[in-house]
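Peer 1: Residue numbers (our numbering), protein chains in the order written: chain A, 388 to 648; chain B, 1474 to 1815; chain C, 2 to 265.
Since the hints were made in silico from the structure, they are not lab data. Glycine is no exception: its CB is placed at the ideal position from the N, C-alpha and C atoms. Among the hints, erroneous ones may be present.
What the hints assert, rightly or not - Here are the simulated distance ranges between beta carbons:
1. A:Q471 - C:R250: 39 to 47 Å
2. A:L417 - C:P148: 53 to 61 Å
3. A:R522 - C:R98: 54 to 62 Å
4. C:L97 - B:D1678: 27 to 35 Å
5. C:L97 - B:V1768: 32 to 40 Å
6. C:G49 - A:R522: 20 to 28 Å
7. C:K225 - A:G622: 48 to 56 Å
8. C:S227 - A:D528: 55 to 63 Å
9. C:G50 - A:F594: 48 to 56 Å
To be verified - Cut-off 35 Å, straight-line C-alpha distance, at most; resulting in silico cross-link-like pairs (DSBU-like, lysine-lysine):
10. A:K505 - B:K1642
11. A:K505 - B:K1736
12. C:K114 - C:K225
13. B:K1736 - B:K1775
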Amino acid sequence: MRFLRLLATFVRVGVLGELAYRANFFFQLLESLIELGTALAGLAIVFSYTASLGGWRPDEVVALVGVYFLAGGCIRLLIQPSMQQLIESVRDGTLDFILTKPEDAQVLASIQRVEIWKVADVALGLAVIGVALVRMGSRIDAVRALQFAAALVAGGVIVYSFWLILATLAFWFVRVENILVIFQSMYDAGRWPVGLYPGWLRFALTFLVPVTFAVTVPAEALAGRLGWLTLLGAGGLAVGLFVASRLLWRAGLRHYSGASA
Amino acid sequence: MSARLRTGTLGSYSEGMPDAVHVRDLRKTYVVPEREAGARAAFASLLHRRTRDVHAVEGISFDLAPGEIVGFLGPNGAGKTTTLKMLAGLLHPSAGEATVLGHIPARRERAFLRQITLVMGQRNQLNWDIPAADSFELNRAIYRIPAVAYRASFDELVALLDLEPLLKKPVRNLSLGERMKCEIALALLHRPRVVFLDEPTIGLDVTMQRRIRTFIADYNRRYGATVLLTSHYMADVEALCRRVIVIHEGRLLFDGELSALVKQFTAHKTIVVHLGDCDADLSSYGELVSCVDGVATLRVAKEETARVTGRLLADLPVIDLTVEDPPIEDAIVSAFAQGASS
Amino acid sequence: MVELYRQQFRTTIAVQLQYRAALVIWLIGQVLGPLVTLSVWTAVSASGGGQAGGYTPADFAAYYIVLMIVNQLTFTWIMFELEYRVRHGSMSMALLRPVHPIHSDIADNVAFKLLTFPLILVAAAVIALGFHPAFHFSAWSTVAFLPAVFLAFLVRFLMEWTLALAAFWTTRVSAVNQIYFVVSLFLSGQIAPLSLLPRGVQAAGMILPFRWTVGFPVELLLGKLSFPQALEGMAAQVAWLGLCLLLLRLVWRAGVRTYGAVGA
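With the rest of the complex left out, here is chain A (with noise of 0.2 Å):
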């Protein structure tokens, strides 16, 4: 498909840049070895106290952990750089170079930036959900790897549209990139089932900032505890985010090039 040739250039010439500076390979290898090494020794000092976490088990929350990696590593793979990015542009003009080409402004402004090395987080994040997958010893069977992989893509397309929503707010306000940081605090708390949490502070992880549904409801897909329910929840949500996103990017654009609304 069309757009997928266009990603496919984009990620191509995202990796050929970066393949100069090999160093920043190891760098990011090495942070994010470090981050994992932290979320994991945490875990193991909580577990040395108990036997289960809100109802998770040990290897059940490994699995989490590995899927924070995988989301987060998704995230800051290709979303979060790109949408910085359009941010910026909007405000110093520069997106009048995307607005002047032969293809839908929204397709080229999501996939415009890609930090490669992330990849790392993303790899990082299939090991240890494998390592889980070996340890829960439990057989994953067709019915589970697809209500794990339809959450992720759920979580994804929800994510995604929620920093759309952001990034087009640039349009009207102008310092929107502190609301970015927001993002990063409360992805953090995705490191633990969000069940853990105060009601509202569940609430605001799931509806505000959507952590939730790109961490907990994936990695509950992955212990066999997904219920059907919440998964078409999620899908429902991700088809509403995405057409709403996409409604706010268009009327952002009418007002960017000061059409009558």
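Position chains B and C against the provided structure of chain A, taking the given hints into account.
Peer 2: Chains B and C only, in chain A's frame:
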């Protein structure tokens, strides 16, 4: 006066072909929130927004034939860039009509966008971290340029602009001039029929400016692309544009040949006399602009030129004498001043 | 010197008030950290028979609230700051001034804390509402807390300022940063109260200064230390303070030499 590059097109301007650009009574008005400084005004503005209308473009009309190179002149804030943006589809006009290559720009149809290009001197579309060649690849994918056409276009641009040594270097390591060459090449890879240039030579050294001017003229000659150029450098305009459009405070002040602009807006000529020394009192001949090492520059009313020249030659030991048109800057400044007062 | 501090105070406060949105966002980040860990330990102690390692949920709540406050009073952001200065050349300007650059940094730091302390107290109150902490304040420990936290601030500031000078030698300061923060996360009691950490880690914590930058004042205020222990602790703080001052001097001198040799 600098030498003018001959800017022809494929023969003369194509007669009978539809205009490349058609603009009728184009208008753009911005609604700008108005607020005074201070905390109290800030609160007041929450309750009742006061706005002000800024008329950036007020009823401009002109037509460009295919293959013309036209210069847009005007002081900052005159509406040149706004007009350019409306023609590129970046801004919606408030009123009036504009068509480029038969399309309405604001609709941003793919077929339209494939035939235009935008180059802004103050902003780069080249990706900072990767070599220019990779940015070219991206554009090839976006514009869906077929392999053969791309190869031809690529080779030609590299040859014309001496890009060979620059392509593999990361863009951030290039000098400003080298970057601009790559920017222009990037913009022309898809052989657009209409080229919008917004201050393309700003900040470049003289050699590079000349290089780029030559290239643009060359490109226009080869492909008959219509070029819309805004610039503050008179040298750009003089070298490239036979026709200029002067915009001031959103209105069209002048549309025609550059030489006609000078004739219309200046009322004097400049006489440069080599006298040997600066002792003589020249005030009776005209306004003395300067006298350095025996070379005096006089500003004289157009009608008086012949008479004053005669008197100078008769009265003084003249070693050499030349009569010149005033610099184009004077014409422009005068045009703006007159436009402001109207 | 006093004038310098006063001027820096005024500047910092003015700047921070400008970026009010950034302050709110910073506050959210400061609160989320302890909140997340507290939620986890509350769940652990609730399920593990009402306590974990001697801490009940109410104890954990008290611990993390006090931890958040002490962290607020002692933290710095100087490592990012210095790296930025070296990278953008403003370090050269700082070196030209007749006063040691550390003073304006201290003033900036303290001014920020003065401004934001009330906000942290509000956040603490909100967490208290949700988690019902059990405080065991005693008169003497509350009084002793003040010099303890002041010493903790000095030790932590000097230590982090010295470490930040790594910017003179490498551009990969973020790697150094990360390792430091991870170690301090564990050893200053932010992942879990120190007594809950494995024996080996606790032993390491005893010889490194981290305990004295955050963990010690927290335990003091919570009333978990006896009077002799408190005195020992403060003596350790003073010792570490002296050591850090010495280290700072040495590293600073070496750093300036390197910076000058390489060229600003």
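Peer 1: Against this structure, judge whether each hint is valid.
Peer 2: Evaluation of the provided hints:
Checking the proposed 39 to 47 Å range against Q471 (chain A) and R250 (chain C) shows it holds: the Cβ atoms sit about 41 Å from each other. Between L417 (chain A) and P148 (chain C) the C-beta distance comes to about 39 Å, which lies outside the given range of 53 to 61 Å. Look at R522 (chain A) against R98 (chain C): about 58 Å separates their beta carbons, and that is inside 54 to 62 Å. Our hint of 27 to 35 Å for L97 (chain C) and D1678 (chain B) holds, since their Cβ atoms are close to 33 Å apart.
Taken as a hint, the range 32 to 40 Å is violated for the pair L97 (chain C) and V1768 (chain B), whose Cβ atoms sit roughly 48 Å apart. For the pair G49 (chain C) and R522 (chain A), the beta carbons lie near 22 Å from each other, so the given range of 20 to 28 Å is met. The hinted window of 48 to 56 Å between K225 (chain C) and G622 (chain A) holds, with their beta carbons roughly 50 Å apart. The hint said 55 to 63 Å for the Cβ distance between S227 (chain C) and D528 (chain A), and at roughly 58 Å that hint holds.
About 34 Å separates the C-beta atoms of G50 (chain C) and F594 (chain A), a value inconsistent with the hinted range of 48 to 56 Å. A C-alpha spacing of about 24 Å is found between K505 (chain A) and K1642 (chain B), which places the hinted pair at or below 35 Å, so the restraint holds. For a cut-off of 35 Å, the pair hint linking K505 (chain A) to K1736 (chain B) is broken: about 64 Å separates their Cα positions. Annotation: proposed proximity of K114 (chain C) to K225 (chain C) holds, straight-line Cα distance about 26 Å (limit 35 Å).
Of the supplied pair hints, the one linking K1736 (chain B) and K1775 (chain B) holds, its CA atoms being roughly 10 Å apart against a limit of 35 Å.
Of the numbered hints stated above, those contradicted by the structure are hints 2, 5, 9 and 11, listed in ascending order.
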